[in-house]
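A.B. asks: Going down the list, the protein sequences come from chains A and B.
If you read the first sequence in my numbering, its first letter stands for residue 1, the second for the next number, and so on.
If you read the second sequence in my numbering, its first letter stands for residue 1001, the second for the next number, and so on.
Among the hints, a few may not be true.
Claimed, not checked - Covered stretches of chain B (chain A as the covering partner; in silico rule of three or more C-beta atoms under 8 Å from a C-beta of chain A):
id, stretch
1, 1250-1257
2, 1437-1449
3, 1456-1467
Claimed, not checked - The list that follows gives simulated cross-link-like pairs (lysine to any residue, SDA-like), each with its CA atoms no further than 25 Å apart:
id, chain 1, residue 1, chain 2, residue 2
4, A, Lys62, A, Arg25
5, B, Lys1153, A, Val132
6, B, Lys1342, A, Arg25
FYI, nobody ran anything at the bench for these hints, they're computed from the structure.
All C-beta atoms in this analysis are idealised placements derived from N, C-alpha and C, irrespective of residue type, glycine included.
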Amino acid sequence: MTPPETGRLDVRKTYKLYVGGAFPRSESGRSYPVHDAKGRFLANAAHASRKDARDAVQAARKAFPGWSTRTPYNRGQVVYRVAEVLEGRRAQLAEEVQHGEGLSRRQAETAVDAAVDRLVWYAGWADKLAQVVGGTNPVAGPYFTFSVPEPTGVVAVLAPQGSSLLGLVSVLAPVVVTGNTAVVAASADRPLPAVTLAEVLATSDVPGGVVNLLTGSLADTAPTLASHMDVNAVDLTGLAGDPEEATRLEQLAAENLKRVLRPPDAEPDWTTGPGLDRMTRFLETKTVWHPVGV
Amino acid sequence: MTQPEDAPVPTRPGPAEVFAYAPAPESRAVVDLRSSYGLFVDGRFVDAVGGGSFKTVNPATEEVLAEVAEGTAEDVDLAVAAARRAQTRVWSRMPGRERAKYLFRIARILQERSRELAVLESLDNGKPIRESRDVDVPLAAQWFFYYAGWADKLEHAGFGAAPQPLGVAGQVIPWNFPLLMLSWKVAPALACGNTVVLKPAETTPLTALLFAEICRQADLPPGVVNIVTGAGETGRAVVAHPDVDKVAFTGSTEVGRQIARTVAGTRKRVTLELGGKAANIVFDDAPVDQAVEGVVNGIFFNQGHVCCAGSRLLVQESVAEDVLARLKRRMGTLRVGDPLDKNTDVGAINSATQLARIRELSEVGEAEGAERWSPSCTLPAHGYWFPPTVFTGVSQAHRIAREEIFGPVLSVLTFRTPAEAVEKANNTPYGLSAGIWSDKGSRILWVVDRLRAGVVWANTFNQFDPTSPFGGYQESGYGREGGRHGLEAYLR
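Between the sequences and the hints, there should be enough to build the whole structure, so can you do that?
C.D. replies: Have a look at this one:
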């Protein structure tokens, strides 16, 4: 292509996967065209394969011991740092959200701002949730007994198909702030903000492997994640409106008793304030007993 | 590596040889057994629609105790309909303080009739009367007393300002703690305003049916509690019923998987309390006799028919020999026999099927090269019996170290460092419970942090309390029973 008469030729970004802290292309070598809301070509994104999904699970498992044993204060700071870095990328993300979701510039900016604010909200929960959902148990005997929340492990998240950034942040932040590691399948048709978010994560103290991000068709990645024996939980939110596929994946998830968050009938309004559910859903309660005596 | 099987076994005589205990049987007279029992639906005992029935036997003698109605899908349908009517018309409209009073009443009647319940439980299940009398029945009453108090305080439980019941709960419970598992399921469900259809295990239906009578004594409105006896097919009908809003199950991981598949794609909420293969970790600084007592309690309590049983003993290599020797000596003093005898420590295996499973896995253990040991003890001629058994020289790959035996069989492994203990303890798809024995607080807490298990007992084992959440990680299921956490499973 010849450069325009005036100005410079822009350098386009290659949108890749984010696995184990690195940005690989799909091992399959496949990519797929991403279009804006009006059908115009935006970019080629990596089309993650089943193998990519397995690699991502492996990376998430490897990152779990380190991330889950960080102090809650530290995890809170890391998630807050993500918000800080995201704040600096607002313009770029607003553009991607605007084109991908077909919003006005102003609407896109509002969505990006809400995503930043949501991260800040969740960051603060890291060192507070244990006191809200845990505590001591007044047992009828000479024992000191307490219950604490712990992360369930590796969580596979099918991100919302519609809200490509705010929705994504709203499902991802509650999973990782409590110490889980995540493999996220981004919105299939609107994957670009997810890849940019991955770049934000890579530059904001989130250890490699804590969040792994796959783009491409859910048909390849989702069943692999739902049936993977080293995945502890699966969030099916991205299948809102597709109850048949959600049922199939829930059945696959039963093989190793994964915790399953079923999808809503339709994608929810992500601008409303979240409760604790998305955090507690992916937590285990550990109860500890010790005798009391001299 | 020092293999613990080399440890010398002290030959000090146990009390059985020192002096024989006179039999001290609890009287059966307190129990008024009927020859046949119907289903409890809508406040009445009714025959099963199909007219089918099955026998429940005393596992200690193989004597038939009673004929029990076999509920079919149609019976489940009627029970769910009764539960739905009671839920929408009566129970959910009743103020929490009134529901509470019913539950308090039930708790009191359970206490009043505790002797009868304990004897019946031991007859039907085979567990020692000492355990049914001192553990199962008192805890069952305590469970109702505890959740009774929640019924009018739910808005303060942290599940929103106006939490609502789910509706009709379908509950399927196992045979190892029949009445206690009933109370774990029924008490929180009722406190939250749900009604229930409960299916007791086919080998232990009798205390549930006596509980039905207790519901009548308490004047509980008809349909709030429905009990449909039967086997697996009946349970599947409860789980699959389209008008059930919530499924609560305690039992095997295999059935748990089937349930998870069955409810996929529905709106049903599910809690599953499944199998386990708990590690009981003994460090070199543990008070040895206390630890051995805990290990014995961990695996031989209730004949090892405990999902959270400490079935894998991980003992630090430096003390393995000593611990093993003391363990074997202590096992030699366990009294195996008549469940109704007040001096019995280990009762009967619950069923022929379970006995076959324990035998099979024990044979596999030997075939795979582990060394099997049991104290010499005379087992009764009739009934289902298995002696307390320990396997040494067990590797992590052995089936007896991986699969839930659900019997009085302990597998012993050794470790050198705390990190190795944690790695071995966590090397299982289960994650229900674990034990730690050590005198060093910081080490206990370090290990507690790293164990992937829902309940960790430090310097104790097999403690339960209604205020204390219980439930597993990974393939031991999901959801918690007990405490404030236990309410979540029955509210929206």
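A.B. asks: A separate judgement is required for each hint: does it hold in the structure or not?
C.D. replies: Quick rundown of the hints versus the structure:
no.	hint	result
1	1250-1257	holds (count 3)
2	1437-1449	holds (count 3)
3	1456-1467	holds (count 8)
4	Lys62(A) <-> Arg25(A)	holds, 20 Å
5	Lys1153(B) <-> Val132(A)	holds, 17 Å
6	Lys1342(B) <-> Arg25(A)	violated, 70 Å
Figure legend: structure checked against the earlier numbered hints; the only hint not met is number 6.
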